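Position chain B against the provided structure of chain A, taking the given hints into account.
Chain by chain, the residues:
Number of protein chains: 2
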Amino acid sequence: MSIRVGIIGYGNLGRGVECAICQNPDMELKVVFTRRNPEQVKILTEGTVVCRLEEAAAWKDKLDVVILCGGSATDLPMQTPEYARLFNVVDSFDTHARIPEHFANVDASAKEGGNVAIISVGWDPGMFSLNRMYANAILPEGKDYTFWGRGVSQGHSDAIRRIAGVKDAKQYTIPVESALKAVRAGENPELTTRQKHTRECFVVLEEGADAAKVEAEIKNMPNYFSDYDTTVHFISEEELKRNHSRIPHGGFVLRSGVTGWEKENSHLIEYSLKLDSNPEFTASVIVAYARAAYRLASEGQTGCKTVFDIAPAYLSAKSGEELRASML
Amino acid sequence: MSIRVGIIGYGNLGRGVECAICQNPDMELKVVFTRRNPEQVKILTEGTVVCRLEEAAAWKDKLDVVILCGGSATDLPMQTPEYARLFNVVDSFDTHARIPEHFANVDASAKEGGNVAIISVGWDPGMFSLNRMYANAILPEGKDYTFWGRGVSQGHSDAIRRIAGVKDAKQYTIPVESALKAVRAGENPELTTRQKHTRECFVVLEEGADAAKVEAEIKNMPNYFSDYDTTVHFISEEELKRNHSRIPHGGFVLRSGVTGWEKENSHLIEYSLKLDSNPEFTASVIVAYARAAYRLASEGQTGCKTVFDIAPAYLSAKSGEELRASML
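Residue numbers (the working numbering), protein chains in the order written: chain A, 1 to 328; chain B, 1 to 328.
Do not take every clue at face value.
[Unchecked claim] Here are the simulated lysine-lysine pairs, DSSO-like style, with alpha carbons at most 27 Å apart:
| id | chain 1 | residue 1 | chain 2 | residue 2 |
| --- | --- | --- | --- | --- |
| 1 | B | 181 | B | 42 |
| 2 | A | 42 | B | 263 |
| 3 | B | 181 | A | 181 |
| 4 | B | 181 | A | 263 |
I should point out that these hints are in silico values taken from the structure, not numbers from a laboratory.
It should be emphasised that the depicted structure is a prediction, and the values quoted were computed from it without experimental measurement.
For reference, chain A alone in the conformation it holds in the complex (with noise of 0.2 Å):
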C-alpha cells in the first residue's frame, strides 16, 4: 500500500524527485508525463511508465500525489491549478512576489477538485521560509538575514550566456564571510547588496570573442551584477566541464533577537544547507511534503497549503509514537 506517485516533467528536478523517492520505502513512483516524445524520455526507476502530459487525467485514480517539476516562470502559474483540480500535488513554485496570486488560483482549484495543493516547497522558499517564520515567533523582536551561496545561480548564469560573444558560463553566488561574522556576534548590521554577497563567474568566449568587453558587460549589468562585487574569469570549455558541471547551493538564515525585561540577553538562531545539488535536495524537501499531501488529503482536507500550514509529523513515515521515542 505505498503512496503513489507521478511526476510531471522530467529536468533536474524530475530526475531528483525519482531518486527521492527511492529512498522513501513508502512511496512509488508510478509514471512520469512529459511534454516531449515519451519515446525520448529515459528515466532510471524499472516499470515506471513514462506518458504524455495530455494523457495525465486518465490517471485521476491512480495517483495519490503528483509532483510538478516544472519552472516557475511560465510552468507551473498554469499548471499547478490545472493539475490540482485532478491530483493532489505539490509544486517549487519560487517567484517570491507571485506566492500571495498563486496561492489563490491554486487554492480556488484544489477545493474546485476537492485535492490537497503544497505550493513554494523546497529550501528557499521552503526551509528556509519555516526558519524565518518559527525565529520570528520566538524572538518577536530581533534582526532576519538571510544569506546563499556558495552555489550556482542558474538565472544569473543564464543571463551571462545571453551576452554575445559567451559560449558558456556559471556564476557562483557567495555571502561574504565578514558580513556573516558580523551577525553572528550579534552586531546586528545593515547590509548593503554588496556587503551581503559576491558573484564570481567562470564563463567560455566563442572564437574571436572580446573578453574585455563581455567583462564589463557583465559587471555593468543592472540587477544581476551592478549592484555587487563581480569577478570574471575565463576558462576553456573543458575546464568548465570538468571544474563546474555540478549544481552545489546552500545558505544561511540567521536571526538575532533579545529577551529579558530590560532586553539584557542576546540569542541567535541560525540554519544553514550546504548542499552538493540543488535539484536534488528541492526534490527531497518535495518529496517529504508529497508524503503529507497524501495525508492531509486522507483526512477530508482540500485546498492550497504551505510549509507553514502542515505540521511537522505529516512529513515523517514514522508513527507520532515513534517520533515521541525516537526525536523528540
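What follows is chain B alone, placed relative to chain A:
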C-alpha cells in the same frame, strides 16, 4: 481581546515567561500561581496578581492558557496532568526517556477536560527535536548529530555542589570543535561521549576543603564526569558571582545525508542556537506555543500535542496571508 495567560511557578523559567509575554502584544499575563506565600513573591508586571496555587481552579474560565514552569523531576509529572483537566496548558517537560509516559498521562486528562496540552516545549526537547525531525524526513539516508553548549548545565553544577567541601559551582558543557568540524566536513564520524563534549567546572571551596580530593571526586563521578575530559578551576566566591552568574547555553543539531541514484551527492543541514539566557529563550519558545494551544483549543481540538503535531503558522501572531507575503 488578548490571550489571557497564567503562570504556575515563578523561578527563572516563570520570570522568563513573564518577560516573553511582554514582547507579544496579543497576550496578557493575568496571574502567577505560587506555592510560596504570594505576598513574598514580587513579580515584574504591573496589574498582574500573584495567587496561591490552591486557588488555580477558581480561574478556570478566566484564563485561555496556563504555562507550567515547574521542574521535570517532580513538578510536571504531577502538575501537567492535573492542570490539563482545567486549562489549556504548555509545559517544558525535558526528561527525554519519560516523554511517552508523560504524553499518555497528559493526553488522557486533557481529553477528559476538553483542553489542549502541549508538552516538552523549549529547545531540547523543542526546536532541536523539530530540526532533527524535519532533517530526517528530508534526508532519510544520513546521520544525526547533536552537540550542546557552550553552556551551563544545571544538573552537573548541582552534582558538584553536593560534594563535601564544595560551597558553590558552575559547570559548562563545551562541544569539541574538531568533532563539529569533522561532521561539517561530511566525514560522518562515529563519536564517543568523550569525543563530543568536554566539561569545565568552576568551583568555590569551603574553608579548609581539600582541593585535590574535590577535583578527583568530580573527575571520577560516574555518568556526570567520568566519561568526559573535565577541567576543574578553583575560584573565589566573588569571581564566581562576577563571571559565572549568567545562564548561557546553546548547541548544534546536524544531519549529514546523501541523495542521488548512486548516493553521489552529500548534504549538510545544520541548526544552531547561541543563547545568553537558557531560561528566557526556553520561555520564548513556550510562549509562542501557548498561542498555538489557545488557537487549537479555539478550533475545538483536545488532547496532548508536541511540537511535531503543530503547524508552524499557529505560533505566529501574523495571519496566513501576512506570513505568505512576508516570510515565504
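- prompt: Is it true that the CA of residue 181 of chain B sits at most 27 Å from the CA of residue 181 of chain A?
  reply: holds, 17 Å
27 Å limit on alpha-carbon distance, applied to hinted pair residue 181 of chain B and residue 42 of chain B: violated, 46 Å
- request: Below or equal to 27 Å on CA atoms is what counts here, so check residue 42 of chain A against residue 263 of chain B.
  value: Roughly 19 Å between the alpha carbons, so the hint for residue 42 of chain A and residue 263 of chain B holds.
Straight-line alpha-carbon gap residue 181 of chain B to residue 263 of chain A, limit 27 Å: violated, 33 Å
The structure shown violates the earlier hints numbered 1 and 4.
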